[in-house]
Amino acid sequence: THRCGELLQKADPCFFQFPLCPVYSQQDQEECAPLAEDQQILSSDGEPQGEEQLSGSAPTQAKKKKISYTKIVKEGRRFNIDLVSKLMYSRGLLVDLLIKSNVSRYAEFKNVSRILTYRQGKVEQVPCSRADVFGSKELTVVEKRMLMKFLTFCLDYEQHPEEYQDFTERSFWEFLQNNMLTENLQHFVLHSIAMVPRETHTEEGLRSTQHFLRSLGRYGNTPFLFPIYGLGEIPQCFCRMCAVFGGIYCLRHSVQCLVLDKESGRCKAVIDTCGQRISCSHFVVEDGYIREEQRKGVEHKHISRAVLITDGLLLQSESEQQISLVTVPPLEPGAPAVRLVELCSSTMTCMPGTYLVHLTCPSSGSAREDLQPVVSRLFTKPASAGEEGTLLPAVLWAVYFNMRDSTAADRSGYDLPGNVHVCSGPDAALGSDHSIRLAQEVFRQLAPHEEFCPPAPNPEDIVYDGDGGQGEGAGFSEAAQAEEGAAEEAEESKEKEASQESSPVEVGEMPDPPPAPLAEE
Amino acid sequence: MQFSIYIIAECNMKLMTRDDKSLLYNVGGKEGVLDEEVLLLTQQLLSSNPDFATLWNYRREILLHLETVRSEDEIQRLYEEELSFLEACLKVNPKSYGSWHHRGWVSTRLPRPDWARELSLCERCLSLDDRNFHCWDYRRMVVRVSGVPVDQELQFTDRLIGSNFSNYSSWHYRSTLLPLLHPGSPEAASPQREPPTSSLLKEYELVQNAFFTDPNDQSAWFYYRWLLGRGVCVCVCVCVCVWGFSTNSEVILRCGYRNALYYKSLTHLHKICDLPPGTISDTSNEHNLTVHWTERHTHRDCALYTGRSESWCRDSATDLELFRSELSVEKSSVLQSELQSCTQLLELEPQNKWCLLTIILLMRALDPLGYEKETLAYFQTLKEVDSMRTSYYSDLCSKFMIENTILKMEYAEVRVFSLCEKNLSTLCHLDQLLLVTHINLSSNQLLGLPPQFAMLQCLEVLQADDNAIENLEGVYHLSKLEEVSLRNNNITQLSDLKILTTCPRLARLDLRGNPITQIANIQSQLAELLPSITELLL
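Protein sequences appear in the order of chains A and B. The first sequence: position 281 = 263 (my numbering), numbered continuously. The second sequence: position 420 = 433 (my numbering), numbered continuously.
In short, the hints are calculated from the structure, not lab data. C-beta: ideal position from N, C-alpha, C; glycine also. Check each hint, because a few of them may be wrong.
Result set (DSBU-like, lysine-lysine): computed pairs, CA atoms no more than 35 Å apart in a straight line [unchecked claim]:
(1) A/LYS82 with B/LYS104
(2) A/LYS131 with B/LYS215
(3) B/LYS435 with B/LYS412
(4) A/LYS119 with B/LYS435
(5) B/LYS215 with B/LYS511
(6) A/LYS82 with B/LYS412
(7) A/LYS104 with B/LYS215
(8) B/LYS104 with A/LYS131
(9) B/LYS435 with B/LYS421
(10) B/LYS386 with B/LYS412
(11) B/LYS386 with A/LYS131
(12) B/LYS396 with B/LYS412
(13) B/LYS386 with B/LYS435
Simulated coverage check for chain A against chain B, where a stretch passes if three residues somewhere in it have a Cβ under 8 Å from a Cβ of chain B [unchecked claim]:
(14) 100 to 106
(15) 113 to 123
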């Protein structure tokens, strides 16, 4: 528990010894490549491709010296844009795993500082903690009491089945209405605390509320953490830990094809794009790399995403440095609820004076169709010279794209050898519980008798056998059967996102690969 | 203690390993060496155990000595080092008396103190533990010495309460700051001269937010009660009573505190003095008596009119609003609206004891008689939800019942006090009953008649049937008492009745249904003990 806390207190941006790069993002770009229909990506030189240049090259000369589009292009390297938008529940599986495995030592986190919601045409703060409720100006004292009473009940709702047993077959929404919560409170609880659609069953709604509440107060006034430099840090941290104990990564290599054993039908090696053969006993691959003919008619859902760079906070406050989760309930019946994460420059994902805004929802149409209505209500275009700017923050840059949500597929959905393990891509949920469970499951298949992510000792405490054994070969596991010279094997088992996976699918030009994140010693 | 001894031993060892036995630590410190090496050694010891007062004292001696031999800049540097050392000690034990005290001392010795730094240290400590009273004390010291504006401190409490309102330290600090910010309030005689209405209303709002958010948190309720008012003690001469018998006259003088504090028991001065014989020899003339209370520079007049054998002069309990003093906010509109919000809260939290109790107090402050029925019902609920404090609530309820009866009696201007079947568990406000001639306390749960009962100097008839009275301490020197009825009580021994011998006029005594009646020969023994009794019922 203390580990994470300690790290949170340290605010030393020099904690990282290697240059920053959006490793994760690049991976995701590949993932999205087959779906590129509505996709804009930042290419390596930072030029946006496509039509989304809202401000064009006209620099805004607003009175308050707003950041212009040209400026952000020039400062492109200051942006770390995750293609997946998630937050970490303070008592979620990911945080528990980071603490348990000591991987948390490689990352720093910031508290999400505000939970906001869009209601009656404006953005307002959601009171969720005790201190928030106490300090809220929007709620009447009676509402405060009712909200606290309800939330207290949700914390251990299992102990009071009599309170909700009449509603097990009915929706959470009805349950809320029946609990005499005012409209205000119904909105807050349903959309911002439980974060579920209206038709969700009562018990599931209660469970989500409980999950939210249990994470409150562990590290701060909201239940969420965000890693500094973005979510891409998390897989990188796992990689780094893995590398300390001998994991090896082949950078700028893709897998061309698998070598199958004729008798057993198992995969015994891979051939990379350089023609190098790497033996393996297991092969872990992400769903996006699987060829269509190897799928057995799995219908994938999609996630609609948008990333914006804006010039101001959605809700002004004393401090400019706010990380906010904004829940936008369906604007019209049938439309999905949109989740919006607004990151400030202290998260080191954008340059000072700008905010990086991620919008996410399950797709019902294209990302643009799903998210544009929300964007146009919450944001504005940059004011041109002389024009009086509105109160809304302006969008300096935007990208819309759809992502495949492959979490529904299981093993039976693929026609693949038994020792090839497919991981799904990220899901639309706010937390990372799905990925952690999946990683755990794959790991169990690879090493049934090993503990998953055991606590790692301090690197200083490790004594290496022999001398000079700290190079590439240090801790090299016997499982890796070197075929020719220094054969390298991707050790994907630790964490699926962690691996620099190579792909059997040709994805065209690769962006610049990151420098090796392995320079531990 | 063992630990200290160990430390000394360790200290000695360290000193000896330095081959300097002359430095051997002298606990008395008188002949101790006062140089920087010892400073360093004590520092090593204190950094592992900062609660070693002797070592701190020794350090202070060294520092005082060094002050005399060093230049100001060196002293400044020395003390600054001391402060950073203390910071390390506070990390070891943030509640070390020694470290905080030493820090206070160093801060005042520092030639060029940096109070802003000290304030931020306090803030940091309080953010880690907002109930660290050492730190609160130190902060008050820093604020006082460095003259931090009061409103700035008030904002500080705003911040702390905002982050955690279940922290009585912050609320309390607030209650000490508000009167400073709006001077002329609580210390002044009239409690209604409170902070201006707008800021007072803001306080009500703040505290309401707290107890609506968490009604089980007592800090907010205590602050709320403070806000609603604090009775202020004013010593006044409440009543002067004169009566004359054929041979001599007596004056009873009762002085009371007008607005007694709720939680403090009432102390009343009560004096009976015989006037010199012959002072009022002639009842056909009017006599004017003046009682001077030199201590308080007050006086009170009382006239004994022609043909009367008795006279009194007093403040009426109704005028005094004596019993409303706990909540002293005069504006009953404020109290009324507060009562409304509390009732609202009670609807949501029917089991909340703080809310119930506050409602009772508010009702009493507003209209004790009008709300009597509700008050009793709330007391009943309180006893059910907070069974651990049943007796407390019983006593409080008794007190309120007595107050109400006194008020009714005042309005009717009678000298008969009757309070039957009200579950009284205790007697109080007896000072208000000075002039009562007949008292009826039957069918209650009294266990005794307390010493203050002796204040009822005019009492002629005492009825206290069907209680559980064991002792009669208070039936003492009641010169007019003629009749005592104590049926069905718990009087067991003859010695319990001995005190009745001090009442010379007692003629009728009813003891039926008491265990004492089972004693053999009781009748003759009683006749012997109390020869004045003409009618004894056993």
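How the hints compare with the structure:
1. For the proposed pair A/LYS82 and B/LYS104, the alpha carbon gap of about 27 Å is at most 35 Å, so the pair holds.
2. At most 35 Å may separate the alpha-carbon atoms for a hinted pair to count; A/LYS131 and B/LYS215 meet this at roughly 24 Å.
3. A distance of roughly 11 Å separates the Cα atoms of B/LYS435 and B/LYS412; the hinted pair therefore holds under the 35 Å criterion.
4. Simply put, A/LYS119 and B/LYS435 have alpha-carbon atoms about 46 Å apart, too far for the 35 Å limit, and the pair is violated.
5. Between B/LYS215 and B/LYS511, the direct Cα distance comes to roughly 60 Å. Violation of the 35 Å bound is thereby established for this hinted pair.
6. Restraint check for A/LYS82 and B/LYS412: the C-alpha separation of about 60 Å exceeds 35 Å, so the hint is violated.
7. Between A/LYS104 and B/LYS215 the CA atoms are separated by roughly 27 Å; this keeps the pair inside 35 Å, and the hint holds.
8. Distance restraint check for B/LYS104 and A/LYS131: the Cα-Cα separation of roughly 38 Å exceeds the 35 Å cut-off, and the hinted pair is therefore not satisfied.
9. Pair hint B/LYS435 plus B/LYS421 holds up; C-alpha atoms about 15 Å apart against a cutoff of 35 Å.
10. Pair hint B/LYS386 plus B/LYS412 holds up; C-alpha atoms about 15 Å apart against a cutoff of 35 Å.
11. Simply put, B/LYS386 and A/LYS131 have alpha-carbon atoms about 30 Å apart, close enough for the 35 Å limit, and the pair holds.
12. For a cut-off of 35 Å, the pair hint linking B/LYS396 to B/LYS412 stands: about 16 Å separates their Cα positions.
13. A threshold of 35 Å between alpha carbons decides the hint, and for B/LYS386 with B/LYS435 the separation of about 12 Å falls inside it, so the pair holds.
14. Requiring three or more residues with a Cβ within less than 8 Å of a Cβ of chain B, the coverage given for the stretch 100 to 106 of chain A is violated, as only 0 such residues are present.
15. Counting residues of the stretch 113 to 123 of chain A whose C-beta lies closer than 8 Å to any C-beta of chain B gives 5; at least three are required, and the coverage claim holds.
The structure does not agree with the numbered hints 4, 5, 6, 8, 14 stated previously, though it agrees with the rest.
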